[in-house]
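Protein chains in written order, with this note's numbering: chain E, 184 to 723; chain L, 14 to 328.
One should not assume that every hint holds.
Unchecked claim - Result set (DSS-like, lysine-lysine): computed pairs, CA atoms no more than 30 Å apart in a straight line:
hint, chain 1, residue 1, chain 2, residue 2
1, E, K420, L, K313
2, E, K672, L, K65
3, E, K420, L, K237
4, E, K334, L, K309
5, E, K420, L, K309
6, L, K313, E, K334
7, E, K420, L, K239
8, E, K641, L, K309
9, E, K641, E, K466
10, E, K716, L, K309
11, E, K672, L, K313
12, L, K185, L, K313
13, L, K325, E, K420
14, L, K313, L, K237
15, L, K65, E, K716
16, E, K420, L, K299
17, L, K239, L, K149
18, L, K239, L, K146
19, E, K420, L, K149
Since the hints were derived computationally from the structure, they do not count as laboratory data.
If you want the building blocks of each chain, they are given just below.
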Amino acid sequence: MSEEKVPSPGLRRGYLKEKGFRSWAFTHDHKRIGIMYLIATHLFFLIGGLLAVLLRLKLLTPGPALMSSHAYNVLFTMHGAMMIFLFIIPAIPSSLGNFFIPLLIGARDVAFPRLNLYSLWLFLAGIVVTVASLLNPIDTGWTFYTPYSAKSATAVTALSLGLFLVGMSSILTGLNFIVTIHTMRAHGMTWYRMPLFIWGMYATSVIQVLATPVIGMTFILLVAERIFGVGFFDPAKGGDPLLFQHFFWFYSHPVVYVMILPAMGIISEIIPTFSRKPIFGYKAIAYSALAIAFIGFLVWGHHMFVSGMSTAAAVIFSFLTFFVAVPTGIKIFNWIATLYRGSISLDSPMIWALTFIFLFIIGGLTGLFLGALATDVHVTDTYFLVAHFHYTMMGGTVMGLFAGLHYWFPKMTGRMLNERWAFHAWWLIVAGFNVTFFPMFILGMQGMPRRYAEYPAKYQPLNIVATVGSWVLALGILIMFVNFIRALKSGPPAPDNPWHGLTLEWTVPSPPPVENFEEIPTVTDWPYSYGEKEEPGNDE
Amino acid sequence: MPDPSAFSGAEAALSSGDVDAVFIFILAICGFFFILTQGLLIYFALRYRRKKGEPPAATPYITGNAVLEGVWIVVPSLLLIAIFGYGFAVFVKLRTPLPGAAEVQVTASQFVWNFQYPDGRRSVNELRLPVGKPVKLIMTSTDVIHGLFIPDYRQKMDLLPGRYTYLWLLPKRTGTFDIYCSEYCGTGHSVMRATLIVMPQAEYQAWVQGERQKKPGMQSIAEKGKALFESSGCPGCHSIDGTPKVGPTLKGIFGRTVQLTDGRTITADEEYLRESLEDPNEYVVKGFQPIMPTFKATLKDDDLAAVIAYMKTLQ
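Same shape as in the complex, but just chain E (with noise of 0.2 Å):
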């Protein structure tokens, strides 16, 4: 356990050894298909965040400048859309969890190997007709709500076609990791011996699986009704304008669960390893993982308090949207504990696990303005809301998501990646992250709505705040993905134990040999024995 130091011998033997086009394109290692989604969705975080900071830049000043507002609007459809169903979505479930579920519990691959070079092909496909509707791009709004949708000349019928077959790659995703966890875990490793990873990865697929096809059906009704004319949603048609919403949400409320699960199962990994104390309250992480997949499909409705729902539903979607908080409550007290009395080291994936609850927590409370119906009348729709969704996603998921990105480096390339680069990145991404959105909560308490290219010049002040903060979280992110680049091409060769972590991945050499262990490990101990029994009694 104590001589890590040493070159891991995988970087010359790993699952990276093999070259060329076709020992990727056909690959059924779960790695290498974990790597491509890596690449692809990060792509897009690149892109999406590239149109985000001309969103920003076009808000600098209140009145018709820099763009017209038609291109706003697609702009900033084109940053939702692209950041949800092609970043945030698939970003960590696809490529974190494809390279890792088989690692942390000790198996050779997924349970089914081509089934997963299959969603690769279907999500790529995805990408490739998406893209193609940027020839014409549409300017609804990710939420594509009709009869708006149903009506734009924009090709809405592309780009929902495009993310059909993204959504069918999800499910076959969620599906092939539900398998895999049930049937593929090592000798002796029970449930309660799963790393939270793994648990927060089957809660998340669970929803995957019985989410994404109702956004399928959506989208092929929202395409038929465009295409043929059938009235689903057109009252003029004899559909009901508040139908597709319902859809709409059904899916895309629980979705925010399969975006958030995953960082959390992340977080419960890396905050008792650089703490060197057990998690604390293991089942309870574990359950509160699964009671927010159940409950997140009961709040849907929390979306359209003020969208002519009734009165009487609205009513009931607040009161259990308040349930939810309560699992996501017992997380963050979880991680607090598990620092008491710790040996922590501040290395890079730990800074950023603090930071994700950090944000996290502003990014919660803020939400119980939105889930009581007085008070979500006024601040829905506006930037308040717009703040508080990105310090979930943001603050929260991708927090996370670099967390997980800088914790399982070594282990993914082989290479350590620099330490004082990250905390560089790290400090100019939250500076910036906090100066650009902080100010939005303020902005919509005092009523801006969002999704305004031209805004009442009282507005402005702020504005020009959030757009300042968006420059230093834009340079933030380069130097991070500078860091990447560098360590790949002359980083120092990690050990295969480089945080000293228990679960099964730190086992192996870095990079992972193809098909992982060379014997399966038997498990007789859950991951997280760390830190000495004491005696009953016997205080420090």
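Following the hints, put chain L in place on chain E, whose structure we already have.
Leaving out everything else, chain L in the frame of chain E:
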């Protein structure tokens, strides 16, 4: 409080202060948990930090604590229920009909707000109301979904094509207030703004008189509705004096509880009357045959609103 830069204290409209009170209540709870969690997070991270390169210190093997975990399940749950309850109570106030409210028809189109007052006056992108008098907005859209948002009033409601939604307002302070479109509706969404001008009652009356003199002979909405009611042939089947004909009488129809043939009961509000005109066989009143033709093609949005306004006068 939702507008921290303009904490005027005086309520702009009925219940807007109540919304702010809920906001402050939640903010207080959030503030407590923010300081508690972030404080412990940062304190522990610094207090138990280990220097780079140092070997890890001995740490205790703590895997949980039933009492502590029970506390942080039960206490937040109770507070969350309190937040829900408070938000619910004020929400119901926001949505409760105000008796005696004057009715204003609001029709949203890409990217214009149209307002029509009971006496037939119309205005575009400007809504004038007298202070201290309750108002009911009966709202619909001609194309896509819009949202009517008055930040100072803490009120917001979407407008849907082919359906009515409502807002009740009671202005309490004179002045000029912003109305925004809050639901994305297309290219001109961000310029779809209107002004709410709340005037002292005497001034408002003088303005109304002036407007009426500008357009002598203007029909009120209900008068227009009466004319449409008669020219569309409605009296052939529906009496207005209580005698049942081929169809049910319309005497006192508005607000009445209606028994349907399928056993349901329904309250006759604007939405019910509108659907009964557009799709009469959706709701068939008990004891009558589904023989009424649709008026969807002959009565436009404004006409429907007028006929409904007339029916409300049949008490």
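In ascending order, which of the hints set out earlier in this document are inconsistent with the structure? Hints 8, 9, 10, 11, 12 contradicted; others consistent.
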